[in-house]
Amino acid sequence: MQEKYDLEILYKGLQELEIPLDKSQMDAFIQYYELLVEWNSFMNLTAITDFQEVCVKHFLDSLSLNKIMDCHQKLHVIDIGTGAGFPGIPLKIAFPELKITLLDSLGKRVKFLNEVIERLNLKDIEAIHGRAEDYAKPTALRESYDICVSRAVANLATLSEYCLPYVKVEGVFVSYKSEKVVEEMEQAKKAITLLGGKIISQNEFTLPSSDIYRNLLVIQKEKITPKKYPRKAGLPSKEPLV
17 MQEKYDLEIL YKGLQELEIP LDKSQMDAFI QYYELLVEWN SFMNLTAITD FQEVCVKHFL
77 DSLSLNKIMD CHQKLHVIDI GTGAGFPGIP LKIAFPELKI TLLDSLGKRV KFLNEVIERL
137 NLKDIEAIHG RAEDYAKPTA LRESYDICVS RAVANLATLS EYCLPYVKVE GVFVSYKSEK
197 VVEEMEQAKK AITLLGGKII SQNEFTLPSS DIYRNLLVIQ KEKITPKKYP RKAGLPSKEP
257 LV
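Per the numbering used here, the sequence shown runs over residues 17 to 258.
Worth flagging that the hints you see were computed from the coordinates, not collected in a lab. One thing to keep in mind: the hints can contain errors.
Here are the simulated SDA-like cross-link-like pairs (lysine to any residue), alpha carbons at most 20 Å apart as the crow flies [as the list claims (entries may be wrong)]:
1. K139 / S217
2. K127 / E113
3. K124 / M59
4. K39 / E142
5. K206 / S217
Label-pair distances were calculated between CB atoms; the ranges are [as the list claims (entries may be wrong)]:
6. K196 / V258: 14 to 20 Å
7. F58 / K206: 21 to 27 Å
8. V53 / G123: 19 to 25 Å
9. D86 / D38: 14 to 20 Å
10. D43 / V258: 43 to 49 Å
11. L122 / N219: 25 to 31 Å
12. V185 / T65: 23 to 29 Å
13. D66 / E142: 15 to 21 Å
14. G123 / P36: 34 to 40 Å
15. T222 / K153: 37 to 43 Å
16. K83 / V198: 15 to 21 Å
17. D66 / D43: 30 to 36 Å
18. E113 / E238: 34 to 40 Å
Heads up, the beta-carbon is just placed ideally off N, CA and C, and yes, glycines get one too.
Kindly produce the complete structure, drawing on both the sequences and the hints.
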């Protein structure tokens, strides 16, 4: 399977991120790529379909979490607004120890995610169709996770309201950001405090083999999120807690 592709950028990036993968894991990434392109031909999953670009902008970007924490642990992780499975599925392929929940509001995307999970024979990973506001209820998944990750495009105050309710006290929410985020962090501080969190680090870097700027913001959950958050569907994005 690997012979069809130039894997140099992927190998080099994995080396830079200090992530050794065996042949079966590399094959899984290629199979994931092929499924992504196949399904993207009849539904909108990603604007990026070139193999090298997918390797850098989706796979290595997702795996950059390993720059800031040891992902070789039995941690329970939820990926909010996962879309085509980023960062959750690459993290699962590279770090099989992780137990992962993928949450997305579009049923067609969840169908794709389930196909990937089945075809790659991934264990301890589930894809759920639903809104972040709904599954954050106490009877569902609230405060069940060691880590919440999200590459979703929304301001930090909105994302924090969606994500922090899922994190256990002492756990973390990691927001993947592409732009310079100092102003956004300042604007979100009040919201993050209200939700029981505190920004503990801002990690800037460029993606391997590229000049693409990235930022991983780590927000620690210090106390239980008040029951009234997240507010009803639509409000966190229309009226951010700032």
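Results for each hint:
1. Between K139 and S217 the CA atoms are separated by roughly 31 Å; this puts the pair beyond 20 Å, and the hint is violated.
2. Distance hint between K127 and E113 is unfulfilled; the C-alpha atoms sit about 24 Å from each other, more than 20 Å.
3. For the hint pairing K124 with M59, the CA-to-CA distance comes to about 8 Å; that is within 20 Å, so the pair holds.
4. In summary, the hint linking K39 to E142 is not supported, as the alpha carbons are separated by about 24 Å, beyond the 20 Å threshold.
5. For a cut-off of 20 Å, the pair hint linking K206 to S217 stands: about 16 Å separates their Cα positions.
6. A hinted range of 14 to 20 Å for the beta carbons of K196 and V258 is consistent with their spacing of about 18 Å.
7. One distance hint, 21 to 27 Å for the beta-carbon pair F58 and K206, is violated here, with the actual separation near 43 Å.
8. Between V53 and G123 the beta carbons are some 21 Å apart, a value that agrees with the proposed interval 19 to 25 Å.
9. The supplied range of 14 to 20 Å is met by D86 and D38, whose beta-carbon atoms lie about 19 Å from each other.
10. The given range of 43 to 49 Å is respected by D43 and V258, whose C-beta atoms sit roughly 46 Å from each other.
11. For L122 and N219, the hinted distance range of 25 to 31 Å is satisfied, since their beta carbons lie about 30 Å from each other.
12. Judged by the Cβ atoms, the range 23 to 29 Å given for V185 and T65 is violated: they are separated by roughly 41 Å.
13. At about 30 Å, the beta-carbon gap between D66 and E142 misses the expected band of 15 to 21 Å.
14. A hinted range of 34 to 40 Å for the beta carbons of G123 and P36 is consistent with their spacing of about 36 Å.
15. Roughly 39 Å separates the CB atoms of T222 and K153, a value that falls within the hinted 37 to 43 Å.
16. Checked against the hint of 15 to 21 Å, the pair K83 and V198 passes, with Cβ atoms roughly 19 Å apart.
17. At about 20 Å, the beta-carbon gap between D66 and D43 misses the expected band of 30 to 36 Å.
18. Checked against the given bound of 34 to 40 Å, the beta carbons of E113 and E238, roughly 26 Å apart, lie outside it.
When held up to the earlier numbered hints, the structure conflicts with 1, 2, 4, 7, 12, 13, 17, 18 and fits the remainder.
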